[in-house]
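**Q** Each chain is listed here by its residues.
4 protein chains.
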Amino acid sequence: MASSNKASGGSVGDEVITCPTLRSKLQARESPFLRGNYHGGGFTSDNDRVLLQSVYFADRHSAGNRSQDRLEALSVQMKKASFKNAAIDDATSDLLLSVPKYAIRAGARKRIYFDPKETRMAIVTAGAICPGQNDIIRAIVTKAFDYGVPEGHILGIRNGFRGFTNRTRRPMVLTHSMVKDCHLEGGTLLGTSNDPADIREIIKRLDLWKIDQLFVIGGTGGNAAAYAIQRECERCNVPTAVVGVPKSIDNDMLLFDKCFGFDTAVEGAQAALMAAKVEAASGYRGIGIVKLMGRRSGFIAVQASLASGVVDAVLIPEVPFRLEGEKGLLAYVEKIMARDGHAVICVAEAAAQDLMHGEGPRRLDAAGNPVLSDVGPWLKAKFKAHFQDADIKYIDPSCLIRSIPASSQDRIYCRMLGHGAVHAAFAGYTGVTVGLINTHYCYIPIPMVIQAPRTVDPHGELWARLRSAIGQPSFVDDEDEEFCPE
Amino acid sequence: MASSNKASGGSVGDEVITCPTLRSKLQARESPFLRGNYHGGGFTSDNDRVLLQSVYFADRHSAGNRSQDRLEALSVQMKKASFKNAAIDDATSDLLLSVPKYAIRAGARKRIYFDPKETRMAIVTAGAICPGQNDIIRAIVTKAFDYGVPEGHILGIRNGFRGFTNRTRRPMVLTHSMVKDCHLEGGTLLGTSNDPADIREIIKRLDLWKIDQLFVIGGTGGNAAAYAIQRECERCNVPTAVVGVPKSIDNDMLLFDKCFGFDTAVEGAQAALMAAKVEAASGYRGIGIVKLMGRRSGFIAVQASLASGVVDAVLIPEVPFRLEGEKGLLAYVEKIMARDGHAVICVAEAAAQDLMHGEGPRRLDAAGNPVLSDVGPWLKAKFKAHFQDADIKYIDPSCLIRSIPASSQDRIYCRMLGHGAVHAAFAGYTGVTVGLINTHYCYIPIPMVIQAPRTVDPHGELWARLRSAIGQPSFVDDEDEEFCPE
Amino acid sequence: MASSNKASGGSVGDEVITCPTLRSKLQARESPFLRGNYHGGGFTSDNDRVLLQSVYFADRHSAGNRSQDRLEALSVQMKKASFKNAAIDDATSDLLLSVPKYAIRAGARKRIYFDPKETRMAIVTAGAICPGQNDIIRAIVTKAFDYGVPEGHILGIRNGFRGFTNRTRRPMVLTHSMVKDCHLEGGTLLGTSNDPADIREIIKRLDLWKIDQLFVIGGTGGNAAAYAIQRECERCNVPTAVVGVPKSIDNDMLLFDKCFGFDTAVEGAQAALMAAKVEAASGYRGIGIVKLMGRRSGFIAVQASLASGVVDAVLIPEVPFRLEGEKGLLAYVEKIMARDGHAVICVAEAAAQDLMHGEGPRRLDAAGNPVLSDVGPWLKAKFKAHFQDADIKYIDPSCLIRSIPASSQDRIYCRMLGHGAVHAAFAGYTGVTVGLINTHYCYIPIPMVIQAPRTVDPHGELWARLRSAIGQPSFVDDEDEEFCPE
Amino acid sequence: MASSNKASGGSVGDEVITCPTLRSKLQARESPFLRGNYHGGGFTSDNDRVLLQSVYFADRHSAGNRSQDRLEALSVQMKKASFKNAAIDDATSDLLLSVPKYAIRAGARKRIYFDPKETRMAIVTAGAICPGQNDIIRAIVTKAFDYGVPEGHILGIRNGFRGFTNRTRRPMVLTHSMVKDCHLEGGTLLGTSNDPADIREIIKRLDLWKIDQLFVIGGTGGNAAAYAIQRECERCNVPTAVVGVPKSIDNDMLLFDKCFGFDTAVEGAQAALMAAKVEAASGYRGIGIVKLMGRRSGFIAVQASLASGVVDAVLIPEVPFRLEGEKGLLAYVEKIMARDGHAVICVAEAAAQDLMHGEGPRRLDAAGNPVLSDVGPWLKAKFKAHFQDADIKYIDPSCLIRSIPASSQDRIYCRMLGHGAVHAAFAGYTGVTVGLINTHYCYIPIPMVIQAPRTVDPHGELWARLRSAIGQPSFVDDEDEEFCPE
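Chains as they are written, first to last, in our numbering: chain A, 1 to 486; chain B, 1 to 486; chain C, 1 to 486; chain D, 1 to 486.
Isolated chain A, as found in the complex (with noise of 0.2 Å):
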C-alpha cells in the first residue's frame, strides 16, 4: 500500500495553489545533490501537496468552526479586510478569492534551474527586527554553500531595501565565517529598515550585479516589495528568482501554523507580565499594565496571556471593547481588585484604536500599515483616573522582546525556511513564500499571505481559550449572540 496512491485520481492536481516559475526561461539540470554532494532525505517531488485544512466540522456552530477552516478565512477577511495590501492588485486579488485545498510541499527538487556555480544571490532583512533574523540568513547562506554556490557570490544587501541603492551601506559578502555562529545574537547582521523599495531601482542593481536569486526576509511590506519585484522582473524579462521568507513576530501572516520568533517573543511577553504580576501583587491596590505587540491582531498578547496564568484581561484589536459600563472593563477590574486585591491587564498594541479615535478609517504610514496612537500611556491614564488610589505600574517590554535571539524551536524553524527558500529558488520558483501548514512546510505564492492580515478570530477557538482560561467576560453590551453555543 504506497500512501502515494492517496493523491490518485488526478483530483488533487486541479485544486492545488499554484506557484509561479521561471523555469520555462531557464535550463534545467540536475541537483548537484542527485550526486556527490550530500544531501540527506531524498527529493520533494513537484506534485507533493498538503493538505491546508486537516479539520472536518460536523455542525455549522462546531467551536472554531469559520476560524479553524483557513480557505474561508482567506476569503472572509480578504472581504472585510480594512487595511487590504495596495500592492496587491485587483486582478490577483480576485483570483485568490476561491482559495484551492492543497499547498505544494517545499523541500530540495531533483531537477533545478540554475547553476550552482554561476548562480549569485543577494538576501535582504527588511522591517522591524525579530528573533530568527540571523538564523535565516545563516541557514540560506550554508545550504547555498552546499549546492555547490562559491564563496563571494552572496551579497547581504545591508538595511533593508534602502542597501540596494545607499552608497554609504555597500553590500557585503556573507562568507561562512560570517554567518557561523550569527545566530547566537539577536537582531540582523545585514541590518534593517522600514524605507520603501523603489522597484525600478531594485531591478538595476539586480542586473547590475547578476543577481540570479533574491531573498526577503521581511514582513507584509517587505513580502509585498519582493512581489513587486517580481512582477517587475517579468515585465523586463530578468530572470531573477525572487522568494520570500514570511517574517512577523505579531504571527499575522495568513495561512500558516505560525510565524518564525513568535514563539521566543511570547517567552519574553510571558516574562513581562509575570514582572507585571510581581509588581502589581506587592504594590497596595496594584495595577500592572502590559502593553504587547501586535500591529493588526493579538496574538503575542493572547498566548502570553495563556502561558504566563497570571492575566485578569487582555484587550486585542480584534475584538471591540467598552471601559465604562456595567460590563465595562474598569467595572470588572473592580471586581478583580476587589477579589484580589491586584490586577494585570494584557494590551495589545492596536487594541483600543476605536475608543481613542473613533470608527473612522485610520491613517496609513508608507509601507501601507495603520499608523496607531499609542494605547499603552492613554490607558494607563484612564485607569489612573478611575483607580485613584491605585498603584499603576506601565510596562512596553517590546524592544527587549524583539532583540533576543531565537529559541531553539524557532531555531529549528528559521533553519527549514531558508533551506526551503534556497531549494525554491533552485527549482525556479519565484515569486514565493515558505511556511509550515499543517506540520509541514510548503511554498505559497507571495500575494496568497499578505493580501490581508491574520487576526484572532473573536468567535474562533484561541479567544475562547483564553477567555474560557481567565475567565474574562465581554466587556461590549450586546455580545455577538453566535459566541454563545446555541
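Since the hints were derived computationally from the structure, they do not count as laboratory data.
One should not assume that every hint holds.
[Unchecked claim] Only pairs whose alpha carbons sit at most 30 Å apart, straight line, appear in this in silico BS3-like list of lysine-lysine:
1) B:Lys-327 with A:Lys-180
2) C:Lys-180 with D:Lys-180
3) B:Lys-384 with D:Lys-335
4) B:Lys-382 with D:Lys-380
5) C:Lys-380 with A:Lys-382
6) A:Lys-384 with A:Lys-327
[To be verified] A few chain B residues that don't get close to chain A, going by computed Cβ distances all over 10 Å:
7) Ser-45
8) Gly-64
9) Ala-108
10) Gln-353
This structure is a prediction, so every number in the text was calculated from the model and none was measured.
All C-beta atoms, glycine included, are put in the ideal place defined by N, C-alpha and C.
We have chain A already, so just place chains B, C and D on it with the hints.
**A** Relative to the frame of chain A, chains B, C and D by itself:
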C-alpha cells in the same frame, strides 16, 4: 457556504478512530457551560473530525514518504517493534493494524455524563518527571472547578500508582490555592514513581473513594496502566472514566505532533550542547560528548543538535553506526578534528546498545522498557582510547533538563491537554488519551498511542534534515540504498 | 600571635560608631545558642570592630582619594547634599559630622535581652520593590524560629506602614510554610507602599500588639520612619527594638559596600543594554536609549554599562553634561555614528534634571525624594530632533528589573542581613541598620546611612573606570581640573 | 583633613608586601595618559596601601576570629598545608611566613617603564576553563591599545603553555575585532590546557618573539609557571614583565576577596541544586546528590547551598564526616527523610577522599594537584546501599557551569583585573598577580597567593553561617570543642 459540508457523504464517519465511552451506563445532562458558567468558544461536536494525514506524496520516493504517513508508520512500527507493549493484548493490537483516516476532535461537549456537583476526581502522575506536569495538574483542577466540581472533590494521588495503596502517602485534596502557582515550579507536586500499578487494588480504591474520573499523566507505562484500569473497570462494571495524558519527554508517543515538555527539553539540551562546544573549543584537541535523553528514540538528540548548530555527529538508537573502519565514527571525528581542532558528539541514551551487547534481545524492566547500558561512559572510553592526546569532556544533563519549568508554548499545550482531558471525562469517554494532531486537539484510544514507540525514521525528513544540516555521513558501510535519491 | 590583641589598648573603642540600645530597660539573659539550639560559629563580641577605611592614599592626587574615604565622603556629602533627609534633625546630624574610624561588628551575641519564647515581632517592607526582599523576610523569620520565637508571634505588616492602620489589610501571621519558598518569587509577599508613616498610630499598634522587635526593610524613607519610630518609642518609653534593613536598588546608601538587590538589578539592566545594542546595530543609523533606575545616583547605569561593553555614553545625575556645542553629547554621538553606524546611550533616571528645569531647587515628594521629570522621552525627543534620519529606540526596563528574584550572591547577602537584624534586636540594639563594610557585616545607627545619599564621585575610581573603559569624554567645556592628573 | 596623611609616618611602608620590579633594568618615561590619551581617574601612587585585615576581634573566641585574619590564615594554612606548592622553594616560602600588614594598591602609574609603541605582549590562558577568561583577555587587549600598543603587537598563546612550543598551534595576533565581542561567549578564545610549562623553551620564545610583557591567566599551576618564568627571566637577564591573573573557579586563592568567575559558578551551581530538589521532591523517597567543583576547598558547595535554601547536608574537604554511626551522615539523612520525605546532598569533589582511601598521602598529578577519586558515584552507591527503597538522582553539572559566560559583576571584576594587570606590567612590576582585597585592587607577589590553597575554615564564619542556615550538625562524634561557643 458552511464548511461543515466538507465532511459530507458520511464517509468520514466510516473511517474514524472510535473511542470507547461509558455513555450507556450514565445519564446524559446539559453541560453547565450551556447556561451560566462561562466557557468561551462554543462546543465541539462528537462528529468533528481531524485528518491524521495532511500530506500526499506524488512519488514513492518523495522525501519522508514513509515516515510522514502517520497511519502507515503506525502499522509498520507495530509490526517491527522489538519491544511491543505487553499491556496491549493481541486482540486489540490486531484491530489497530488497519488504522482509520480520522480522529475525533477534542473539546467541550454540549451533553455531559457526570453531574459536576457530585463528581469526584483523582489525578495521578507516573514515570519520570517532565516539564509541564504541574501545568497539566493545574489545568485539570481549574477546569474541573469551572465545570462546578466542588473543592474537596479532587484527590491528588501521590507518587504514582503507589499512592493508591501506600499508607504513608495518602492522597492529598487539591485546592485552588495549591495549584495556583504550581506551574512555576518543575517536577510534579503530586510526586511520582515508576512502580507498577496493582490494578485490582486500584479499582478497590476508586470504588471506595467513589472516584468518577481518573486522570493519568504518564508515559507508556502509565498509559498502559490506565488502559488496564479502564478494562478492569469495564469488567467489574465500575463506571469510572479513565483518561490519560501522554507524557514523553523523549517525544516517542505515536500519532501526536509532539509531546508536552519536549520543546522545553530540547531548549535545555541545546544549552548543554553549547556548553560542550565551549569546552571542546577551549581544550587542546577537545572533544565534547553529550548524552541526551531518549530511551527508545533520538528526537531530543536530533532536534537539539539541529537547533544548536555546533554538533558534528549525532548518534541515535534508530540509526546503526560503527566506531571502527574507514567509514566509522572514529575516522570521521578524526577528520573533523583535523579540520576544526575540536568536535562535539551528541548521543541518545539508547544508542549503541547493539555495539555494547550484540544484537540479541534486550532485557526489559518491570515497566516493559528495555534495560539500557550506559552509552556515555562507554563512548567516552572508546574515544579516550582512540584519541589519546585529546581533552575529552562528557556531559549528562538529563536531571537538569527534566526538572525545569515548562516553556510558554509547552505551558499552553499543557493547559489545553488538561482541559481536553476534563472535557473527555465529562463527555463520558474512557480509555482515551488527548493530544495534538495536525495542530488540532484529538482524543485517541490509549492502546493506539502506546502499542509501539514513535521513532526517528532513518529514511525520513527529520533525520535527513539533521544530516543535511551538519553534513553527517553514514557510519555504516552499506547504507540503505533507498536512502539515496534514485 | 592572637589577632585579638590587635584590638588592645582601648584605642579602638574610643573611635567607634556607637549604636543605641535598649539594654538598660531590659533584662539580660543567655543566648539560647549557648546551650542546645544549634547556632554554628560562636558569638560576636560587642567589642569586635570593623575598620571603615581600608585604603590609605600616599598622595593627595591618588586616584579615588576623595571618594574612597568613606568617612570623609560622609562628611562631604552631608555638607553639600542638596536633598538632606529632613527626618534627621540637626542635633543628630551635627554629631555625625565627625565620623569615627570603626563600626560595630554584626552577629549573634552571648547575652540577649528578650526572652525568645515571649518575643513578638513585626516585619514591614516599604518603598519600591527590590530583588531580595522576600529573602530577607525569610531570613528574619527562620532565624527568629531558631532563637525559639513561637510560630504565631511574627506579624507581617502589609503594604508598608499603611498596614499598621489600614483596616482592609490586616497584618498576616508569618509561618514557616509561608516563607519556605518565598525567595523564589520576586517582589514582597507582605506588599509594599510609599505611604508616609503615621508615627503615633504606629506606636499605638506596636504597644497594642505587644511588638518587641520591629524590622523595617526599606529605603531612605523607610529607614527614616524606622528612626522616627525608635525615637518616639524612646520618648514614650516603649521598649520595642527597631532594626532597619537598608533597601536601595540604586545602591545609594552611605557607608555600605553595596545594597542588596543591586547586583541582580545590574544584571537585568545589562540585558536591557544588550537589547538596545541589538536594536541599534540592526537599525539604519540606529540609536538605542536605555533609561535605568537611579533617583539620586548613577550606580546602576555605570555598572551595567561597564559590564555590557556596548554603551557609548552614560549620563548620570552626578556628572553634568551639555547636549549642544562642540564638546556636547550630540556632537560626540555624531562621531560615534560616523564611526560605527549606531550608538547606545544609557541614562540614569535622575540625570539631566537641570537641563530640563534649570538649576533651581527641586520639588520633593512626601517621602522627601526629589520629584523627577522623565528624562527618557525628553532625551529621545532631543535625539530625534538632532538625528532626523536615525532609527531611535527607547527602552525603560525598570519594572522588569525590579521584579526578578535575587541572584545567588544577593540571596546570600540578604540571608546574612536578615540574620544580622535578628541578632541585633535580640542583643538589645535599636535604631540600627545592618550592612556590609569592607566585606564584614556591621551595625550602624540609622541616621548615619540615610542623612544623605551615596553618589558616584565624578572624581572617583568608579566613574574613571567607566570613562576609561568606554572612552567617554567630558560633555562640558570646562572639565574640573582636578579630574586630570597633574 | 586630607586622608592622605593617614599614611604618614612611614610606618606603612615598613609593613607592606613588596612586589618585585624590573625598574632598574628599564628606562622610566611618562605615562601616555598624562597627556593626550584619555585615561580617566588620575593615577595610583606606588605608596598607596590597602590594609589586609579590616576586622579586629575583641575576644579570642569571637566568631571567625581565626579564619578572618588573612595574615594569620596565611601562615597557618601554609604550615599545615598538605599539598604545599612545590614550585615555591623554601627560601621564598620562609620569607612569607611573616606577612606584612599592607598590600600595594593596583592602578595606573604616572611613570611607566615600557614604550607602548614598541611594546610586545603575549597572553596565555592555562588550566580548566572558567567564566570570565575572555573578559580578561579583552580587557588586557583593549587597555594595551589605550596605552598605545600597536595592533599586531599582542600575541595570544594557544592552548596554555603548550602554545609556546607546539607547531600546530601557532600564536594568534589579537586584534580589536577579535576581542570586541569575545566576552559574550564562555571558555577562552585562546584555548587552554593543563600541560606543564617548559620554562627554558618558553624563555627562548619570549626572547625570540621579543615579548616585553607576558600575561598568564591561570590557576595555581599557571601562576606557579608564571613565577618560574619570571625567576628564569631574572636569571637569564631577560627583561620581560610577567604578570599573573589568578583564576580559580573554586575560589581557593589566598588573600583575595574572591576569584573571578566564582559568583557565576555559584549561580550555576545553585541552579543544579534546585534541579536536584525538584527531582528529590517529585520522587518517592527521593534523594538528590549534586557534586560541585572544589578540588581543594568547598567554597562553591557552601555558597551555592546557602543561596539555594534547599540543601540538607553539605560535604566539603575541609570538614571530615562519617557515614555510619548515630551521628553519621546516613543517620542524619534518615531523619530528614522521615521529616520531609526527600533530601538533597551537596558534595564538593574533594570531599570524603579520606573515607575512600584512608588517611595516607595523596597522589599528585603533574601540576602538583592531588589526584582525586570520584566522590559522586561513591556517595551515590553508599546511599543506594543504605536507602534501598529511595529514588536517588546524581547530578554532576561541572562542565555546564564552567562554560557559561560571566555574570555582570564578574564581567566588571574581570575588566578591572585585566586593566590592573596591564598597568602593573607598564609600571615595571613582574612576578605579581592582581586581585581584590577589602574591596580594593592590589598587586601581590605570585608566591604569596599560591603557596597553599585557601580553604573554608571549619571554625570560621562562612561554615558557621551555612550550618546555622541549614541546621547541619557535625557528622563526627568528637566535634572540635573550640567550635562550640564557650
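**Q** Now look at each hint and say whether the structure bears it out.
**A** Results of checking the hints against the structure:
1. Taken as a hint, the Lys-327 (chain B) and Lys-180 (chain A) pair is honoured in the structure, with Cα atoms around 26 Å apart against an allowance of 30 Å.
2. The straight-line distance between the Cα atoms of Lys-180 (chain C) and Lys-180 (chain D) is roughly 44 Å, outside the 30 Å bound, and the hint therefore fails.
3. Our distance criterion of 30 Å between C-alpha atoms is broken by Lys-384 (chain B) and Lys-335 (chain D), whose separation comes to about 43 Å.
4. Among the hinted pairs, Lys-382 (chain B) with Lys-380 (chain D) is consistent with the structure: their alpha-carbon atoms are about 25 Å apart, no more than 30 Å.
5. The hinted pair formed by Lys-380 (chain C) and Lys-382 (chain A) meets the criterion: a straight-line CA distance of about 25 Å does not exceed 30 Å.
6. With a C-alpha separation of about 19 Å, the suggested pair Lys-384 (chain A) and Lys-327 (chain A) falls inside the 30 Å cut-off, and the hint holds.
7. Interface exclusion of Ser-45 (chain B) from chain A breaks down, the closest Cβ pair being 4 Å apart, not more than 10 Å.
8. Chain A draws Gly-64 (chain B) into its interface by the beta-carbon criterion, the shortest separation being 6 Å against a cut-off of 10 Å.
9. Annotated as non-interface, Ala-108 (chain B) brings its C-beta within 10 Å of a C-beta of chain A; the closest such distance is 7 Å.
10. The Cβ of Gln-353 (chain B) sits about 25 Å from the closest Cβ of chain A, beyond the 10 Å cut-off, so the non-interface label holds.
Of the numbered hints listed earlier, those contradicted by the structure are 2, 3, 7, 8 and 9.
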